[in-house]
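Here the structure of chain A is known, so what remains is to put chain B with the ligand in place on it, guided by the hints.
Residues per chain are reported as follows:
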Amino acid sequence: MALVLSDEQQMLKESAQGFFTEFAPISEMRKLRDLDEDYSTGLWQQMVAMGWAAILVPEAYGGLGFGHVGMGQIVEQSGRKLTASPLFSTAILGASMIQAAGTEGQKSSLLSAIANGDLTTALAVDESAFHAPEQIAMKAERTSQGYCLNGVKRHVVCGHVAETLIVAARTAGCAGDRQGISLFLVDAGSAGVTVERVPTVDSRSIANISFVDVELASDAVLGEPGLGYSALASTLDIGNAHLAAELLGIASESFDCTLQYLKERKQFGVLIGSFQALQHRAAHWWSEIELCKSVVLKSLQALDEGDPNAPALISISKAKLCEIAELSTNEAIQMHGGVGMTDEYDIGLYIKRARPVQALFGDFSYHGHRFANMAGY
Amino acid sequence: MIDLQSFRDDTRQWLEENCPTSMRTPVTDTKAVCWGGRNGTFQSVEQKQWMERMGARGWTAPMWPKEYGGGGLSKTEAKVLREELERINARSPLDSFGVWMIGPALLAFGSEELKQQHLPPIVRGEIRWCQGYSEPNSGSDLAALQSKAVDMGDHYKVNGQKVWTSYGDQADWMFCLVRTDPDAKKQSGISLVLFDMETPGVTPKPIKLISGSSPFCETFLEDVRVEKNQVVGEVNQGWTIAKYLLTHEREMIGGFGLADAGAQNLWEVAVGALGLEEGRLSNSFLRQDVTRWEIDAAAFALTAERVTDQAKVGQGVGATSAMLKYYGTELNKRRYEVMMKLQGTEAMGWEGTASQDGWLPKTWLRTKGNSIEGGTSEVQLNIIAKNILGLG
Ligand SMILES: Cc1cc2nc3c(=O)[nH]c(=O)nc-3n(C[C@H](O)[C@H](O)[C@H](O)COP(=O)(O)OP(=O)(O)OC[C@H]3O[C@@H](n4cnc5c(N)ncnc54)[C@H](O)[C@@H]3O)c2cc1C
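Order-wise, the sequence lines are chains A and B. So that you can map any letter, position 214 of the first sequence is 228 in our numbering, and since no number is skipped, the others follow by simple counting. So that you can map any letter, position 360 of the second sequence is 1139 in our numbering, and since no number is skipped, the others follow by simple counting.
Because the hints were derived from the structure by calculation, they are not lab data. Any given hint might turn out to be false.
[Unchecked claim] Straight line, CA to CA, 27 Å or less: simulated DSSO-like cross-link-like pairs of lysine-lysine:
1. Lys-854/B - Lys-1022/B
2. Lys-927/B - Lys-1007/B
3. Lys-984/B - Lys-1165/B
4. Lys-1165/B - Lys-280/A
5. Lys-845/B - Lys-810/B
6. Lys-307/A - Lys-1112/B
7. Lys-1141/B - Lys-1091/B
8. Lys-894/B - Lys-858/B
9. Lys-1165/B - Lys-810/B
10. Lys-1147/B - Lys-987/B
11. Lys-307/A - Lys-984/B
12. Lys-277/A - Lys-1165/B
13. Lys-858/B - Lys-307/A
14. Lys-964/B - Lys-987/B
15. Lys-307/A - Lys-894/B
16. Lys-307/A - Lys-1165/B
17. Lys-827/B - Lys-1141/B
18. Lys-984/B - Lys-1147/B
19. Lys-27/A - Lys-1007/B
20. Lys-1141/B - Lys-1112/B
21. Lys-366/A - Lys-27/A
22. Lys-810/B - Lys-894/B
23. Lys-1091/B - Lys-845/B
24. Lys-1007/B - Lys-987/B
Looking at chain A on its own, in the form it has when it is part of the complex (with noise of 0.2 Å):
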């Protein structure tokens, strides 16, 4: 497949880009911040009125089928603007987990309800402070109705905020071993779930939920039984391709903002812009967004195509982006000089959105060493 979008997805693109100018920007979140509040959920229903919420459910369960590559234009353009919302968590994250695990039953009650807005989901994997879905070690002790809960989860994206969580743990084996994870869905009102919200460095929040005693049903298995470990891979690749195309949005949106104020800003009489020193760096950050915009585009589309090598692909890509997004985040404060450091100016804030989204789900130290493992090396 050419390396290039379908003008379907060109459309998407620019609409997904007028749409996060007009309804989003930055000054949206600096509001969100000052009220003390996740994000809007005027704005979110107007996404799923936009049918992003659709995107990744097939069409059978109600959704619009239009893939990965399509919606993450819709992620790097909220990227660009730093926009939270449950589109990560809901239409990426719990759409897929969902649709790769769920029996029949599963997926046309949910898909369809997270496609229209009805339900919000969160995704809880982690147990410490490095991504390392295979050390799950939380319990699910088998009961005469079904299952006990006992552990707790950290850093999960959404979880204060979501209706239903869904829950990685263990059935079988120990911290190490892919058999034996099953996947729970637990109302998160349940009782023995307790949800700590904590408030994290971008002017979000994201939980660190508790679970004591807490009873499920039979039924609370999402798919079978110990098998979950796959499905919870799928997913989590599909998640790193999209918080690389957020990664994107980030470092090419402080590009450009960067760019700007390099023929903007004058010093020594003449614009900034014209000093060699700061023209090379920016010609070399520039070329670095250029791989960047690649390797994201052939992740989502091998995500598209079903191919073998998506996960190889899917960790260079969130890699290179961990990388380029560091670059970018502090070539933007250090060009602006002493405004970059300042709450007032826009720029500053992208790098504390950029570092939480490199720790999600595996830095460059993770994916670099799961691609050499894949690689064989």
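Chain B with the ligand only, in chain A's frame:
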């Protein structure tokens, strides 16, 4: 699609029959590269056969028109040919400044007479070309060149000095930038002329490089007679053509960042050199160097592909060749830095069979020129900043 499949089948069969087995092994020393030319030396009979067979079919220049000896292939057919060559790890049948540089310029700007005269021998590997651009006082600032051509009525008389002329002592012809109007503004008084290196007054002298070999020369031009019909395009229009040609050169050099057909992945080299311990390279620092390189190389290869795909549908910015040149050459330099580290002290051998006469350190040193030749990395960054980013 059906046509393309039958083209693939035919190509595969023809290559099966015509590509000698010894031409399907990786190139690990400079003598294995085939440059052709009047005085061309061949490492083996098979090397000569491979060049001649591919040349006769026009596949040394697959997309040039058939009337000039080329393969007459479409872009997609050329891609199929490339894939089929890669599939059998075929070596390049001919490396040629003719194919890469002056040929495309002649196709775009040359008179019918010049195309008929020069293109077919390039395709067949019979005539080897060199590039006479740089001078002692004009490198990055190429338009400041001073070699001059004086109009003698029926011909030009050229005087001056060129430098860094790659393979000047082995080439048969030179394409050369000269000043035809000394009074015009820098860029406007330049012409691109062609002459035989055997013309009286042309004296190439090899310069020894840090890599030990002498692939390039300083070339003295003393009262060199150049025929009037050997001016490419219009007189005083040479700068436009030179720039066009540099774009081709940059794309070619930038391609050094892409893995050669048949070349090993860097991580495979690393495994061969260091071995695995519990499935991993034992040296975790080098494992990280290799991984960083592999990730960037994959991203770069995809970018080269994306730029091509964009061009096909008329998207994308011009001047991306500057980015590919810059990034590709820096990437290639990094590759060889890692290669040197992977071999430890064994990488130092300069002579003798164990080191294949110092293939690795010599190649490593040669790559240092990648970010200088064809316009330095700094010049590429200038081009990106000015032409793409609009920074004045
Ligand atoms: C291996 C090799 C093969 C070559 N083959 C050929 C050939 O076949 N034919 C031919 O004509 N030439 C050839 N060249 C010459 C090559 O094109 C020149 O070396 C190159 O253009 C640089 O010119 P220079 O050497 O004079 O360096 P200079 O221009 O003197 O540059 C010196 C340093 O200053 C920097 N610099 C210069 N101007 C600027 C600027 N405006 N902004 C920022 N930095 C700047 C450069 O980047 C470089 O780091 C070859 C060179 C090499 C290394």
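Against the structure, the hints come out as follows:
1. Lys-854/B - Lys-1022/B: Given pair Lys-854/B, Lys-1022/B holds - Cα atoms ~23 Å apart, limit 27 Å.
2. Lys-927/B - Lys-1007/B: Holds, because 14 Å separates the two Cα atoms, which is no more than 27 Å.
3. Lys-984/B - Lys-1165/B: Violated, because 37 Å separates the two Cα atoms, which is more than 27 Å.
4. Lys-1165/B - Lys-280/A: Holds, at roughly 18 Å.
5. Lys-845/B - Lys-810/B: Status violated; Cα separation ~30 Å.
6. Lys-307/A - Lys-1112/B: Status holds; Cα separation ~23 Å.
7. Lys-1141/B - Lys-1091/B: Violated - the C-alpha atoms of Lys-1091/B and Lys-1141/B are around 38 Å apart, more than 27 Å.
8. Lys-894/B - Lys-858/B: Given pair Lys-894/B, Lys-858/B holds - Cα atoms ~25 Å apart, limit 27 Å.
9. Lys-1165/B - Lys-810/B: violated (40 Å)
10. Lys-1147/B - Lys-987/B: Judged against 27 Å, a Cα distance of about 15 Å means the pair holds.
11. Lys-307/A - Lys-984/B: Measuring from Cα to Cα gives roughly 46 Å; hence the hint is violated.
12. Lys-277/A - Lys-1165/B: holds (12 Å)
13. Lys-858/B - Lys-307/A: The hint holds at about 23 Å.
14. Lys-964/B - Lys-987/B: violated (35 Å)
15. Lys-307/A - Lys-894/B: Violated, because 40 Å separates the two Cα atoms, which is more than 27 Å.
16. Lys-307/A - Lys-1165/B: holds (21 Å)
17. Lys-827/B - Lys-1141/B: Within the cut-off at roughly 25 Å; holds.
18. Lys-984/B - Lys-1147/B: Holds. Lys-984/B to Lys-1147/B sits at ~22 Å (cutoff 27 Å).
19. Lys-27/A - Lys-1007/B: Not satisfied, since the Cα-Cα distance of roughly 55 Å exceeds 27 Å.
20. Lys-1141/B - Lys-1112/B: Given that 27 Å is the threshold and the Cα spacing comes to 13 Å, the pair holds.
21. Lys-366/A - Lys-27/A: OK: Lys-366/A and Lys-27/A at ~25 Å, within 27 Å.
22. Lys-810/B - Lys-894/B: Roughly 30 Å between the alpha carbons, so the hint for Lys-810/B and Lys-894/B is violated.
23. Lys-1091/B - Lys-845/B: Between Lys-1091/B and Lys-845/B the Cα gap is close to 23 Å, so the pair holds against 27 Å.
24. Lys-1007/B - Lys-987/B: violated (34 Å)
Violated hints, listed in ascending order, are 3, 5, 7, 9, 11, 14, 15, 19, 22, 24; each of the other numbered hints is respected by the structure.
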